[in-house]
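Participant: Listed here are the chains, written in short residue letters.
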Amino acid sequence: MFQRFFRQLFNFHGIETKGERMFWRFVEACICLFAIQHIWLWGFYIPQLSGVILPLGFAGYFDLSAVMFNDYASYINATVATIFIFFAYFRLWRWSYLVVVFLFHLQYISRYSQGEISHEGHMVGVGILMLAVATLTFKDERLKRRFAHGLLIFYVGFGYFTASVCKLIATGITWVNGSHMHLWMGERSTDVLSQFGAFEFNLLQEYMLEYHWLSTLILTFGLLAEASGVLYWFKKTRPFVGIVLIAMHFGILFSMNIHFDKCVYILLLLSFPWADLLDKYWFKTSRADALAG
Amino acid sequence: MAQFIKSFLLKKITKIIIRVTQETLPLRINNCTMTALQKAIRIFGVLFLIQALLLATHLGEFWPFSIYPMFSRAGNPWTRALARDISAVDEDEYWQVRKFATLPGEVFAMDEVGINTNDVSNFIQKVGTWNDEKIATMRNLFDEEASKRELMLYHVRGELVPPNKKEVVLTYTPLLLMTPDTTILNTDFQ
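In order, the protein sequence lines correspond to chains A and B. Sequential numbering of the first sequence, starting at 1, is according to this note's numbering. Sequential numbering of the second sequence, starting at 1001, is according to this note's numbering.
No wet-lab data here; the hints were simulated from the structure. Be aware that a few hints might be false.
Capping the alpha-carbon separation at 20 Å, the derived lysine to aspartate or glutamate pairs in EDC-like fashion look like this [what the hints assert, rightly or not]:
#1 B/1099 with A/200
#2 B/1148 with B/1061
#3 A/280 with A/16
#4 B/1134 with A/116
#5 B/1134 with A/16
Okay, the calculated beta carbon distance ranges per label pair [claimed, not checked]:
#6 A/220 with B/1106: 38 to 48 Å
#7 B/1149 with A/67: 43 to 53 Å
#8 A/76 with B/1101: 42 to 52 Å
#9 A/217 with B/1157: 20 to 30 Å
#10 A/139 with B/1011: 19 to 29 Å
To give a feel for the contact side, a few chain A residues facing chain B, derived at Cβ under 10 Å [unchecked claim]:
#11 7
#12 40
#13 62
#14 66
#15 70
#16 72
#17 182
#18 187
What you are looking at is a predicted structure, and each value in this text was computed from that prediction instead of being measured. Positions of the beta carbon are idealized from the N, C-alpha and C atoms, including for glycine.
Please put together the full structure from these sequences, using the hints given.
Facilitator: The structure is reproduced here in structure tokens:
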């Protein structure tokens, strides 16, 4: 069972096509660009901070404020990380992605040292880590791509699944009660008002506040969508789970005003057979041609 | 119950890792693929083990690994922060606990000064006892604006009202007054 599972996940035996090569370079470029964006956005914010309230990751083992909370450290870190991302993408040094993971981690634990944890950067971080692991363990580009792709698929599905398990452990099946959604909407409306100076409920939010059952239904959908993360590991069910998870993210956006842009982009990239479409409509070829050729 | 589920999950994960490692041995595919797949499964097993250890020893959060606990505790009261410009408000109005509709002054958008409201909210939640250093930290965040006008930082609490817990009530308690000359903490709130 395990063999079959990993065989289909990593797909080492399959023929590689031009479309697949081109598509994976595009996915890799997107992950790199998302990483650069996060690293710099956090880099600009970090100099405002002065103390560590929540020591995340390696911050529990050294004085982060002495290293990162000065005028230039976060900019230097962002610059060095960007250079290493460039090295990694163009295969100039094998260990580059691993260095980027460390620098990215440093930037994350600095930015989110104030108590709030943002999950948007995790999926991008997992992407960089999987690229690092694949680059360090395989020399052959085809195996490297397939391994990174398989690992990323696994961790995306696993992340959503653990989110649903957390909800069931921390609250139980009553998590889906619509009143909980109303409470979070109050919290998020306060946040948006506090951040931007204005807030108005949209049509969906007004309906949700009026009809308790609608809020319950939306939370039930969210919980089931996350639990379906395990089905993301299988090629046949991946597009359907991808659509469900993307719909869930839009639900979160419209009901609680929380953006998970990068998660949606990564789901869009990984969930659908873009490489096959590229082969069919761009290169006018197929896997059978690749096998014959 | 939660403890039982945690230990149950940990046992299950350990079993899976052991099986994954064992399954790497009897692979029967063609030679070229076998080496790659075997290697991949082993590396995956090691990575998964590292992830499990890091998450187990760091409260489920070690970037980029996470158990994604966001919004997992439903129905609990929450605390957030809201700043208001009360320059044009009478002093008698400053220190009263209120509902949203009766809040004095104008809302102050933290985005205007590049402050993330989540950070202020978390500071308020986790600050414990307010001392001079903590008051100064908060003042520093708003210093540029507080030197031009009078700002009141409110502690906002949201909760579901018993007994049926269907209605949400938000309570705004004045916490920190920041004026061009001084910073005053609401000692009643302490």
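Participant: Now tell me, hint by hint, if it's right for this structure.
Facilitator: Each hint tested on the structure:
Between residue 1099 of chain B and residue 200 of chain A, the direct Cα distance comes to roughly 17 Å. Compliance with the 20 Å bound is thereby established for this hinted pair. Distance hint between residue 1148 of chain B and residue 1061 of chain B is unfulfilled; the C-alpha atoms sit about 40 Å from each other, more than 20 Å. For the proposed pair residue 280 of chain A and residue 16 of chain A, the alpha carbon gap of about 14 Å is at most 20 Å, so the pair holds. Only pairs whose Cα atoms come within 20 Å are accepted, and residue 1134 of chain B paired with residue 116 of chain A is accepted, the gap being roughly 18 Å.
Proposed proximity of residue 1134 of chain B and residue 16 of chain A is contradicted: the alpha carbons are some 59 Å apart, above 20 Å. Roughly 40 Å separates the CB atoms of residue 220 of chain A and residue 1106 of chain B, a value that falls within the hinted 38 to 48 Å. Between residue 1149 of chain B and residue 67 of chain A the beta carbons are some 35 Å apart, a value that contradicts the proposed interval 43 to 53 Å. Residue 76 of chain A and residue 1101 of chain B have their C-beta atoms about 48 Å apart, which keeps the hinted 42 to 52 Å range intact.
One distance hint, 20 to 30 Å for the beta-carbon pair residue 217 of chain A and residue 1157 of chain B, holds here, with the actual separation near 28 Å. In this structure, residue 139 of chain A and residue 1011 of chain B break the distance hint of 19 to 29 Å, their C-beta atoms being roughly 37 Å apart. A hinted interface residue such as residue 7 of chain A counts as satisfied when its beta carbon comes closer than 10 Å to some beta carbon of chain B; here the least separation is about 6 Å, so the hint holds. A least Cβ separation of about 15 Å between residue 40 of chain A and chain B goes past the 10 Å threshold, and the interface hint is therefore violated.
A cut of 10 Å between beta carbons decides the hint on residue 62 of chain A: the least distance to chain B is about 15 Å, and the hint is violated. With a cut of 10 Å, the hint placing residue 66 of chain A at the interface with chain B is violated, because the nearest CB-to-CB distance is about 16 Å. For the restraint placing residue 70 of chain A at the interface with chain B, the shortest Cβ-Cβ distance is roughly 15 Å, beyond the 10 Å limit, so the hint is violated. Among the interface hints, the one on residue 72 of chain A is violated; its C-beta lies about 18 Å from the nearest C-beta in chain B, farther than the 10 Å criterion.
Restraint check, residue 182 of chain A versus chain B: the minimum CB separation of about 5 Å is within 10 Å; hint holds. Against a cut-off of 10 Å between C-beta atoms, the interface hint on residue 187 of chain A holds, since the closest Cβ of chain B lies about 5 Å away.
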